[in-house]
Amino acid sequence: MNASILTLITFLPVAGAGIVTLLPKRLLPAFTLLFTLFIFLLTLHLPAHFDTARHGFQFACNLPWITTPAIHYHVGIDGLSLWLVVLVGFLAPLGVLISWRVIDHHQREFYSLFLLQQTAMFGIFVSLDLMLYYAFWELSLIPITLLIGIFGRKNGRAAAIKFFLYAFIPSALLLVAILWLYAKTGTFDFVLLQSQMHALATGTNATGLWLASLAFLLAFAVKVPIFPLHAWLADGISEAPTAIAMILAGKLGLYSLLRFHVGLFPDQAAHIAPLMVALSVIGILYGSLLALVQTDLKRLAAYATLGALSFCVLGIYAFTAASMDGAVYQILSESVSAGAFFMLLGILYERYATYDMAQLGGIAKKLPGLATLFVITALSLIGLPILNGFVGEFMILSGSFQTHPRLASTATLGVILSAAYMLWMLQRVFYGAPSKLIADGMQADINGRERFALWPTVALMLVMGIASVYWMRAIDATVPAFAPRCAPASITTRISNYARMTNLR
Amino acid sequence: MTAVFPALRILPEILLTLTGVLVMVTEPLLSAKISRKPLGVLALLGTLAAIAASAWQLHLPAGTAFFNTVQTDAFSVFFHLLIGGILLVTLLVSLNYFEGHSTYIGEFYALLLFSAVGMMLMTSAIELLMVFLGLEISSISTYILAGYRKRSAISAEASIKYFLLGSFATAFFLYGVALCFGATGSTNIYSIAAGVASSSSPLLLVLALGMMLIGLGFKVSAAPFHVWTPDVYEGAPAPIVGFMSTAPKAAAFAVLLRITYTGFGTMSHIWIPLLWIMAVASMTIGNLGALTQRNVKRMLAYSSIAHAGYLLVAFTAFSADGLAAACFYTAAYAAMNVGAFAIISYLSGYDERRVHLQDYAGLAKRHPLASAAMAIFLLSLIGIPFTAGFFGKFYVFTVAMHSGRWILVAIGLLNSGLAAFYYLRFLSQIYMQPYDATQDISEAPAQPAFVLGIAILVAAVFVLGIIPNRVLHLARASAATYFPGTGSNVAVHARPTPLR
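Residue numbers (the working numbering), protein chains in the order written: chain A, 33 to 537; chain B, 1046 to 1545.
No lab work stands behind these hints: they were computed from the structure. The model shown is predicted, which means the values in this text are computed figures rather than measured ones. Note that CB positions come from ideal geometry on N, CA and C, so glycine has one too. Honestly, I wouldn't trust all of these hints.
Okay, derived cross-link-like pairs now, BS3-like style, lysine-lysine, Cα gap no bigger than 25 Å in a straight line [as the list claims (entries may be wrong)]:
| # | chain 1 | residue 1 | chain 2 | residue 2 |
| --- | --- | --- | --- | --- |
| 1 | A | K57 | B | K1410 |
| 2 | A | K186 | B | K1410 |
| 3 | A | K468 | A | K397 |
If you want the ones that stay clear, here's a sample from chain A, every Cβ over 12 Å from chain B, calculated [to be verified]:
| # | residue |
| --- | --- |
| 4 | L40 |
| 5 | D83 |
| 6 | A152 |
| 7 | T234 |
| 8 | A302 |
| 9 | G401 |
| 10 | Y463 |
| 11 | R483 |
| 12 | R505 |
Derived list of chain A stretches under chain B, where covered just means 3 residues or more per stretch with a C-beta under 8 Å from a C-beta of chain B [unchecked claim]:
| # | stretch |
| --- | --- |
| 13 | 59-67 |
| 14 | 95-101 |
| 15 | 174-185 |
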């Protein structure tokens, strides 16, 4: 069971997609919901049996797949990928719930592509063979592009193609770099590669290694996205259907940065870290400032996402134990909170068919239930203590302050700005006098299905805010080891970081 | 080595020729009113027999026959199987194509069979004159096939263009053979190899090589010898385009492999740069050209130029792996390209009703299965993982990287990113646009033979993409038997797994 659980989780959604093409239309949402819930339960097997004391990859499975070039089917997870796999499992049923009524055409295509996308995501997080990883990485593009294109808003097609090209062209360079590594070492295996990297970094290979690390970095930075490669994000998110907006940005790129850029090229990553830190701080401020002036709720959410993701990048490249732990935690909590936020936006759109803030106002009087959830989610995104957003942000900022005090202090402005745009948005949309659209429309408050999606999510925000130790145990056992050796050794010992204050170990 | 009866060395060719003759003889005996489908079934049976015969040839000891003109080895068997497979699928998908439109259906099957005979001969020939014979047999048949929609002006134009430029290119090839004979005193590949190694007149050899490269470059539609491709593909009937964009190319690539790797192996410093340039030009011109096309057949024509470029990348590796990668890519390309043209031929029918991009708007709604198959072929052409196109490209670029051609690899992969755009535009036209019900076209329901053909191709795309080991094994076996792996000029790499 332990050796095949990851394979089962990864490929079950494809099987589900196959079943979806055969089922009658009216059963599709219910079936997909039950199916994704079942997969989510399966993913819970992982944290239940994960051994935080053990080093290396767990639940691993390594089989030869293609003889030449030597490609293995090698999957496994460690503390970094453990919770990300669970996260993918958690978000999928929510995506189905929120699409239940919105997707009223091409349902078969929607649900099968949605499940296919889930397989690709699982595959990315569990693959330990670069080739297998790359296959899933590329594969994830197709369902997402099609979902944006077919089910997006009116400019969905353009946004889909923009997303695809932005992601695909850097991926080509990523493949060049992977092939170069293979040509030099004769293996695609992540674990083997990691042990050979040091020997590789000699003589004439130095330039090649640098170029390879840049190719890796570029491909992942686009996917996160990191400023200034974010041009696809606002269009992608604002055009995508809710279920896709929830999973579009962030975790894939951030995970890959940590695992494959920092993990495979520690020396190069250490050298380029100051640049990445600077870019992430720019991203935080730029995203927050742009979010401040948006009139479209979804575009506001998109720029807020850019800011939040830049925090994660800052945490990763500050290279302290606290900031890196915090970054990984922030990936999880941002995905949950932003997921909830996009769901709420979707619910709002279902009611009033607009994201335009100018037309909305005073909703709290009409739909108090929705307003409550909105406020909690917004506070979590701002980073209010006892909610999940606070933990990661605090660890990132306190950790990165040790290595980059000036930039970290600047990044703190982002926290203030995020409070500004979120609270201003709440005030304009939910409070004050009802706008004409709201006053005239008779819309029901959130219904049972929506509650079923949102209340667990909101509860999770609270639990993640209070009992972060539960998640942090696995993360802290793995992630700080990713920090490059050549970074000042004293840093990790010197700081009294949050993780250790709470006696995580 | 036990002696093998010479005719067994060309058994597939003999079987196909006999079937072709039988089709020709039977055709006039049938009443003019009845359907020509039985002839198609006959052709199919002959093709199946030829494929079985090729597979059986694997058990023969590798060797030559007919005064050292043909040689059966794993390499020739690989291409025989490939060409046989393409022929089989083409016959399946075109079984109903001409129904009710043409009175020359019998000849159509015979011509397809004969052209396959020519291509098969090309792949097993080790004597350049034999290659020339095969080239002529196959070309003349395809010239006629390109103009098979006789009443259509653009089909006739395609045929004439193909014929004029094709015979010109063949002449180049023949001239190259003559010069080669002048320089080395032989037209046998192995004697040429010996002659090249000890030659005192390199200029003559370079000229000969250049002439042959031009001739074959035309046949594989590699830039800068590609200009005929869009016009011919646009005019020729769609199922024929599927055939002639893959099978003759496979044969010509096989010849190119024999000539460059074996015959001129010691002159690799001359032809590697030439093929390098051709590869870059083909990829770039093909993809840039395809970007601006609104006619899907022209678009796929440019895409086939680009794919010829990817294949040439494998050539430049000049290693056993390079040869295996080239073989594999030819097969992968055949599966997806024949498939794409088959779907087009089904959707647009004999009178080519759907040739523009906008004709495909929202077709997924009306033809969900045909659209799904088209999506698979297009995704494979883009090079999406778990399809033949992805692994083919991946293998090609891996071996090129191994030989240190990383600039070429970078150009190639960026090109494949560029290419994604126009395939995706086609795909988005099918899936993301609203269906225009006003220009409703009623198609005949897909026939079982057609469905079977498409099913084979879809299966091939996935098998080559997910479990390619068996085909890889055959490709590597063909590289092993044919490639002079012991030669000092060969880049042998330290590999994690043994080569053989």
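Q.
For a quick check of understanding: which of the numbered hints are violated here, in increasing order?
A. Hint check: 6 and 13 fail, others pass.
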